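Asker: Generate coordinates for the entire structure from the input sequences, incorporating the hints supplied.
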Amino acid sequence: RYARIPLVDKIALEFQYEETHNLCPTISAQQHFYRDYLEMTILEIKGHLVNKFSWTILRNMGEGEFTAEEEDSIREHEKRTLFMTNKLREVIGAAGRELVTCDPSDWELGVNYDQLTRVVQGYIVNEVNINDVFTCTDDCKYHVDREVYGCYKKDSYCPKDKGTGRILRCEADTKKDYITLCPSDNPARRYEYFETNRGYKNNNNFYGEHNSCPNNEILIKSWTRGFFECSYCFCLMDEKSDNSDRFFNLREVTSDVDENKVVTGVRLCIVRSLDAPSWINNTTKEPAYPVVRQATEREFTESGNLSAQVKQFRCDVR
Numbered sequence: 063r064y065a066r067i068p069l070v071d072k073i074a075l076e077f078q079y080e081e082t083h084n085l086c087p088t089i090s091a092q093q094h095f096y097r098d099y100l101e102m103t104i105l106e107i108k109g110h111l112v113n114k115f116s117w118t119i120l121r122n123m124g125e126g127e128f129t130a131e132e133e134d135s136i137r138e139h140e141k142r143t144l145f146m147t148n149k150l151r152e153v154i155g156a157a158g159r160e161l162v163t164c165d166p167s168d169w170e171l172g173v174n175y176d177q178l179t180r181v182v183q184g185y186i187v188n189e190v191n192i193n194d195v196f197t198c199t200d201d202c203k204y205h206v207d208r209e210v211y212g213c214y215k216k217d218s219y220c221p222k223d224k225g226t227g228r229i230l231r232c233e234a235d236t237k238k239d240y241i242t243l244c245p246s247d248n249p250a251r252r253y254e255y256f257e258t259n260r261g262y263k264n265n266n267n268f269y270g271e272h273n274s275c276p277n278n279e280i281l282i283k284s285w286t287r288g289f290f291e292c293s294y295c296f297c298l299m300d301e302k303s304d305n306s307d308r309f310f311n312l313r314e315v316t317s318d319v320d321e322n323k324v325v326t327g328v329r330l331c332i333v334r335s336l337d338a339p340s341w342i343n344n345t346t347k348e349p350a351y352p353v354v355r356q357a358t359e360r361e362f363t364e365s366g367n368l369s370a371q372v373k374q375f376r377c378d379v380r
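Heads up: the sequence shown begins at 63 in my numbering, then just goes up one per residue.
Don't read these hints as lab results, they were simulated from the structure.
One or more hints might be untrue.
[Claimed, not checked] Simulated restraints on C-beta separations:
1. 325 with 120: 51 to 57 Å
2. 233 with 286: 19 to 25 Å
3. 266 with 158: 53 to 59 Å
4. 304 with 233: 25 to 31 Å
5. 211 with 182: 16 to 22 Å
Owing to the predicted nature of the structure, the values given are computational and were not obtained by experimental measurement.
The C-beta atom is built at its ideal place from N, Cα and C for all residues, glycine as well.
Answerer: This is the structure we're talking about:
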């Protein structure tokens, strides 16, 4: 008679194991048990209705009244339902409401992740161009908190995409070094790779990924002016430009509680203005079932008015 009852305990034990060993469930433990409770209740009702339907057919065929069997079935159905309800209420009450969201298996830029671009970037520049008197009397490491002042006429390498930000610091001298660099077509980076002293055993270093260069490689080397050598320096630059995404909006966003809305999604926007909004997804909480559906584009509510000056922004829907 109680063949189905151990299933409740089995489900509870199995999910407790999964909750402990699997850190990335799609729903919380409480939602999981509540969903199972609804499904098991529906199955129980369907089974009871099948029994009643079979006795009705047999009664119409003159096989008997089956009154006692029907009354026994009702009592057993009530016992099972009461036991299952009490058991599931106990399990649901003890279950957690935490939901852990883990990294996706497949990453796609602009869909499930985004990136800050050109916030602190590597920049190769000749030291003659990062001081306002265009001298080469100092080593690379002495150039701190500088900017690119121009392109000295003797300089053999002046990139078209000149850096306009502040040079934070430069690494040690690269005097007498050859530098082979590969310009990048990706607006988020300047170089695919660069290599110092290619073909030499001493001071040969490779930076970046060993991929084929989408453009022609450029070979540059330090040059001499009078008694001083003008060296190429590898510096770190913080540049605010159209290719630099650097702001997160942390303003508070609240769901529409007056309309019984709950937060079911967060959109992280990387923007190029401090006035751009952050977003949440509002979804109506139904009383009979937990909210598990995906966010849609129209349902996101912003934290403030979008500045008219913001022309571009990228969002990551979670």
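Asker: If a hint holds in the structure, say so; if it does not, say that too.
Answerer: Cross-check of the supplied hints:
Between residue 325 and residue 120 the beta carbons are some 54 Å apart, a value that agrees with the proposed interval 51 to 57 Å. At roughly 21 Å, the beta-carbon separation of residue 233 and residue 286 lies within the given 19 to 25 Å, and the hint holds. Between residue 266 and residue 158, the C-beta spacing of about 55 Å keeps the proposed range 53 to 59 Å intact. Take residue 304 and residue 233: their Cβ atoms lie about 27 Å apart, and the range 25 to 31 Å holds.
Between residue 211 and residue 182 the Cβ separation comes to about 20 Å, which falls inside the hinted range of 16 to 22 Å.
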